[in-house]
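*Asks:* One letter stands for each residue in the lines below.
There are 6 protein chains.
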Amino acid sequence: MIYITRRERFNAAHMLRNEKWSDDKNIEVFGKCANQNWHGHNFELFVTVKGEINANTGFVVNLKDLSSVIQEKVIEKLDHKNLNLDVDFMRGKMASTEVLAIAIWEELESDINQLGSKLHLVKVQETENNFVEYFGK
Amino acid sequence: MIYITRRERFNAAHMLRNEKWSDDKNIEVFGKCANQNWHGHNFELFVTVKGEINANTGFVVNLKDLSSVIQEKVIEKLDHKNLNLDVDFMRGKMASTEVLAIAIWEELESDINQLGSKLHLVKVQETENNFVEYFGK
Amino acid sequence: MIYITRRERFNAAHMLRNEKWSDDKNIEVFGKCANQNWHGHNFELFVTVKGEINANTGFVVNLKDLSSVIQEKVIEKLDHKNLNLDVDFMRGKMASTEVLAIAIWEELESDINQLGSKLHLVKVQETENNFVEYFGK
Amino acid sequence: MIYITRRERFNAAHMLRNEKWSDDKNIEVFGKCANQNWHGHNFELFVTVKGEINANTGFVVNLKDLSSVIQEKVIEKLDHKNLNLDVDFMRGKMASTEVLAIAIWEELESDINQLGSKLHLVKVQETENNFVEYFGK
Amino acid sequence: MIYITRRERFNAAHMLRNEKWSDDKNIEVFGKCANQNWHGHNFELFVTVKGEINANTGFVVNLKDLSSVIQEKVIEKLDHKNLNLDVDFMRGKMASTEVLAIAIWEELESDINQLGSKLHLVKVQETENNFVEYFGK
Amino acid sequence: MIYITRRERFNAAHMLRNEKWSDDKNIEVFGKCANQNWHGHNFELFVTVKGEINANTGFVVNLKDLSSVIQEKVIEKLDHKNLNLDVDFMRGKMASTEVLAIAIWEELESDINQLGSKLHLVKVQETENNFVEYFGK
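Chains as they are written, first to last, in the working numbering: chain A, 1 to 137; chain B, 138 to 274; chain C, 275 to 411; chain D, 412 to 548; chain E, 549 to 685; chain F, 686 to 822.
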């Protein structure tokens with residue numbers, strides 16, 4: 001068993017806000033992340049898959065294929081978008097990094113498994129000071 | 138003469154859009170940066186000042202003071218904000234990195250000169266792949 | 275279960291020295307790290323916690339709270355300090371990165387668990403070429 | 412149990428090519444990595460070992476010793492070399508990052524275990540966008 | 549006048565060798581960079597252009613256009629190539645970073661000037677420890 | 686004319702203190718950098734030289750020679766040392782990054798000029814948030 005990781009990037013706007021709460025409560029909990037005019041980040045996405053090495057290629061998975069899946073299933077929907085407004089798989093969800101990481105896992109899992117490897121980890125880095133990791137259920 | 142640089146960071150949303158143009162023209166020129174639901178970045182700001190060394194301190198400028206000026210004059214207005222909507226010194230301007238760098242220079246110049254040094258360079262890094270540098274007029 | 279990591283930084287002096295050994299023996303084992311006039315590093319501290327997502331916030335833990343705990347319990351005691359002389363929780367211990375990582379874990383564990391998440395990993399990066407990871411007992 | 416990681420670097424040329432395949436098939440699978448005139452990378456190697464802390468040193472392993480083993484057993488054979496042509500422990504193997512990571516593990520394992528620690532992870536970073544991790548069988 | 553920089557990357561093989569010299573002399577001068585089986589690097593290319601801001605776009609130059617020129621004129625010829633064997637504009641030249649930087653400048657200059665800006669700096673980073681800068685004649 | 690830069694690193698302790706001032710005044714001006722038990726940093730030193738390209742080598746200067754000069758003249762004296770106590774060329778000086786950069790320039794200048802190139806810039810990076818640049822008198 002060996003693990004390979006591909007990094008992709010997306011630049012997006014978002015806001016942290018619980019619609020059931022007052023503005024004051026949102027600011028109390030989310031601070032400046034609750035700004036209703038949005039803010040944004042250069043997100044980095046690290047997708048780790050695991051599997052056995054194919055003797056003909058030396059690969060667990062062809063990174064060209066892995067990159068294509070990530071681009072098509074998530075980056076095209078996230079890059080230069082608003083996480084709260086534009087992204088089908090985030091509709092009705094909190095736009096936190098934690099929730100985003102799980103949503104990305106769910107978008108990627110079946111397509112990656114069809115490449116012959118197995119999704120192991122979705123890591124989303126929001127700033128140089130924080131990142132989230134999700135290994136599936 | 139010696140140069141010292143302080144890095145500060147801000148996370149902001151923006152959109153590239155010329156209001157005099159049609160939506161199609163905006164998309165043609167600005168591509169996905171024209172998304173009307175905004176996108177965003179982790180911006181890095183590097184402020185370089187120059188001067189002679191103070192013999193008592195070994196400093197061109199006390200970085201505590203330089204950082205305070207940058208925080209108060211620009212970071213508090215930019216961080217977790219929308220560059221097109223929230224920032225007084227960007228009102229009515231294109232929210233490009235070039236225009237932003239010049240606007241930051243104008244905000245900082247007199248306060249930095251009052252610290253006894255001279256503003257030399259404002260550098261704004263928008264992504265790992267592009268940055269803008271402004272040395273004043 | 276999802277994991278979130280917060281990075282904090284501290285700049286500190288230290289020396290590697292076993293008081294039971296001669297100077298020669300200390301230099302033989304610790305090399306230039308045994309310099310009795312001290313040397314220092316820009317340390318990076320990565321604290322990873324794990325837990326379930328709170329449906330109201332989308333958070334495992336509010337990073338504001340996590341950062342406050344780390345600042346108060348360890349960074350204020352470590353930043354711009356001497357690890358051998360100034361730090362109560364390092365008293366009488368070897369000032370190696372390994373020992374430091376465990377000591378930081380012990381300082382943080384109960385306070386972090388009170389935030390409703392669980393401490394998973396303390397990582398201390400000493401230079402670009404080496405880091406230590408401690409996952410608890 | 413605590414984990415310590417040492418980073419070393421090597422700059423090498425390689426080519427991805429299955430000699431049993433036609434040129435066309437090689438290009439179809441490996442793309443520009445199949446260029447028969449070679450290409451190359453600045454590889455980063457991260458070696459993680461685990462063990463208990465020695466009370467006399469505060470170390471799991473002396474990084475001087477760990478670095479010496481890595482240098483002698485793998486870096487001297489890989490740095491400024493051609494992975495397909497010059498490296499004894501890669502002879503007859505695909506020069507993929509996955510295969511390289513496993514080969515490095517096998518070169519390092521017994522010598523590292525003789526240092527009193529245990530090899531835990533070999534990570535090879537090929538570009539800023541991809542890396543491989545191998546934890547042994 | 550304002551400056552904007554675009555980073556592009558290419559992974560290439562090369563060798564440092566003066567064909568007029570003996571093997572011994574080549575090894576004496578170029579060390580392990582003279583390995584006749586090649587070695588390679590992840591090169592980073594930073595292209596800085598300068599100009600006035602276009603009032604309609606807020607841009608000195610559209611980065612899409614700048615990136616296209618760099619891709620077409622140099623990256624496609626350099627990426628996953630051998631600098632000594634594959635690159636038309638390096639034919640008959642030493643494959644040093646200095647010579648490469650000047651050759652890239654010459655490839656880019658007229659096309660970049662046609663974008664309405666002016667080429668200011670070509671910077672080529674070969675490893676994390678060295679880079680070359682060329683500002684033209 | 687072309688510019689080449691070599692990065693070297695050193696880990697050192699220091700303290701900011703004006704012996705003519707009271708402890709209170711030192712703390713007022715230098716804050717936690719005045720801690721009399723020292724603190725420290727991972728310093729990065731970037732040395733830029735300029736010159737014409739040697740047609741036989743493709744080099745402005747052989748980086749092996751440049752690195753040797755930097756190691757011998759400054760790194761060996763700075764690495765794992767105390768800037769206030771251990772370094773002959775810092776004796777009696779403020780241990781600020783500005784003063785250090787100038788002192789490094791003076792140590793390097795004549796030796797680098799003997800390599801056939803000309804010292805252009807000494808840059809000292811103290812933390813990820815600040816660095817100093819000195820271009821000579």
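Quick caveat, the hints were computed from the structure, so don't treat them as lab data.
Be aware that one or more of the hints could be misleading.
Unchecked claim - Below, computed lysine-lysine pairings styled on DSSO-like, alpha-carbon distance capped at 27 Å:
no.: 1; chain 1: C; residue 1: LYS338; chain 2: C; residue 2: LYS367
no.: 2; chain 1: F; residue 1: LYS749; chain 2: B; residue 2: LYS187
no.: 3; chain 1: B; residue 1: LYS230; chain 2: E; residue 2: LYS580
no.: 4; chain 1: C; residue 1: LYS397; chain 2: D; residue 2: LYS443
no.: 5; chain 1: D; residue 1: LYS443; chain 2: A; residue 2: LYS64
no.: 6; chain 1: F; residue 1: LYS705; chain 2: E; residue 2: LYS671
no.: 7; chain 1: F; residue 1: LYS822; chain 2: E; residue 2: LYS580
no.: 8; chain 1: A; residue 1: LYS118; chain 2: D; residue 2: LYS534
Stated by the list, open to error - Selected chain F positions facing chain E (in silico; Cβ < 7 Å):
no.: 9; residue: ILE687
no.: 10; residue: VAL745
no.: 11; residue: LEU793
Quantities reported herein were computed from a predicted structural model and do not represent experimental measurements.
Every residue, glycine too, gets a C-beta built ideally from N, C-alpha and C.
*Asks:* None of the hints should be skipped; say for each whether it holds.
*Replies:* Verification of the supplied hints:
1. Restraint check: the Cα-Cα separation between LYS338/C and LYS367/C comes to about 31 Å, which exceeds 27 Å; the hinted pair is violated.
2. With a CA separation close to 32 Å, the supplied pair LYS749/F and LYS187/B exceeds the 27 Å bound.
3. Our distance criterion of 27 Å between C-alpha atoms is broken by LYS230/B and LYS580/E, whose separation comes to about 54 Å.
4. Distance check on the hinted pair: LYS397/C and LYS443/D sit about 38 Å apart at the alpha-carbon level, beyond 27 Å; violated.
5. Between LYS443/D and LYS64/A the CA atoms are separated by roughly 11 Å; this keeps the pair inside 27 Å, and the hint holds.
6. For the hint linking LYS705/F to LYS671/E, the alpha-carbon distance of about 45 Å lies beyond 27 Å, and the restraint is violated.
7. About 37 Å separates the Cα atoms of LYS822/F and LYS580/E, which puts this hinted pair outside 27 Å; it is violated.
8. Note on LYS118/A and LYS534/D: the hinted pairing holds, with a Cα-Cα distance of about 19 Å set against a maximum of 27 Å.
9. A cut of 7 Å between beta carbons decides the hint on ILE687/F: the least distance to chain E is about 5 Å, and the hint holds.
10. Interface restraint check: VAL745/F against chain E, minimum CB-CB distance 6 Å, threshold 7 Å, status holds.
11. With a least beta-carbon distance of about 16 Å to chain E, the hint placing LEU793/F at the interface is violated under the 7 Å criterion.
Hint check: violations occur at hints 1, 2, 3, 4, 6, 7 and 11; the rest are consistent with the structure.
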